[in-house]
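Student: Those protein sequences? They're chains A and B, same order as listed.
Heads up: the first sequence begins at 1 in the working numbering, then just goes up one per residue.
Heads up: the second sequence begins at 242 in the working numbering, then just goes up one per residue.
Restraint-style ranges between C-beta atoms, simulated for each label pair:
no., chain 1, residue 1, chain 2, residue 2, range
1, B, L318, A, L78, 52 to 58 angstroms
2, A, G195, B, G342, 34 to 40 angstroms
3, A, R197, B, T265, 45 to 51 angstroms
4, A, R73, B, T265, 53 to 59 angstroms
5, B, L343, A, D64, 24 to 30 angstroms
No wet-lab data here; the hints were simulated from the structure.
Quantities reported herein were computed from a predicted structural model and do not represent experimental measurements.
Where a beta carbon is used, it is the ideal one built from N, C-alpha and C, also for glycine.
Chain by chain, the residues:
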Amino acid sequence: MSAPETLFELRGVAKRFRRGDTAVAAVDGVDLDIGAGELVAIEGPSGSGKTTLLQVLGALDRPDEGSIRFEGRDLAGLSDGDLAHLRLRAFGFVFQQFNLIPTLSALENVEAVLASAGVQGDALRQRASALLEEVGLGRRTEHLPSHLSGGEQQRVAIARALANEPRVILADEPTGNLDSKTGADVIDLLTGLAGRRETTVVVATHDVALAARAPYRVAMRDGRIVEEGTAGDAGATMALP
Amino acid sequence: MLNASTIPQPSNRMFAAADPCRATGVGLGIAAAAIFDAFGAKLSASSPTGGSGSNFLGLGSATLRTAQRTIELHARLTIELVLLGIGLAVIGGLLAGAAGGLRAGRLRPAEALRRVE
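Input sequences plus hints: build the corresponding full structure.
Tutor: As structure tokens, this is what we get:
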């Protein structure tokens, strides 16, 4: 892959978890380059290591082996505080379970990440409202997550992920808790908004058809990349809408 | 990543929801104190103070005497008491909140996410 600018550069990345007496490698020697502005799908069944890979990409976890460079910087050289700063400013996360704060309204959930990045006063409310408007929730901003449908909650999560204008959106099974129609809408929304902003998107999914729609697809099995290629390659037949 | 000063101020909605509860609690407390104070309560206790005689159990002893003591209980609402109550509640709340917050803050992000899901 020869993108104009390499955003992520992974070499020999491994992450192990202890299960009883044995160590299980969730990610087992992954080499991967992701270019700026790309839309990449990581496809694999549950337990194939895609969530763990996404977590080390997003600096939520550190690998046991190998190196991750983000914009040329080795993440191993950064302190926990630096990583927190990177997550706040450079990464946006979307999860299968939405992970909204249940006691805050849709608007406040978006405001929380803006406020963490130092946005204050009128700008806080205005930017949060504009983001919710953009994801199509202009009129339900005062509702608590429990009073929103799954699709609506994921829209709030997308607004939150985009709030601090990240360079990358990392989405872990974003459609996993949604019906297929709602899921397709959410994916279209996410890729549309990210495309307009030239934000890189990495989506982990077990859904082969969904993964096939991404311009670049990475297939994982048992912690290893078993196949990768562009939409034109074999196994990736559907074009992005 | 989140620190106290950057967490958005809770909107009025959150206080509005809590207000009736808080007002009810304060009202009930004052009313209960007033009722208690009006009717009062008396604690009385009596205890044998010992007797004379050779019977060490004191049974059947005609010389056994009893001490009587009565305490009247009041619930007077003073400003000191109100401030003490508020102070204890605030300190307790801060300590409990800080303990939970510190524990949550020490979790590694990936570990914290596993607990949510």
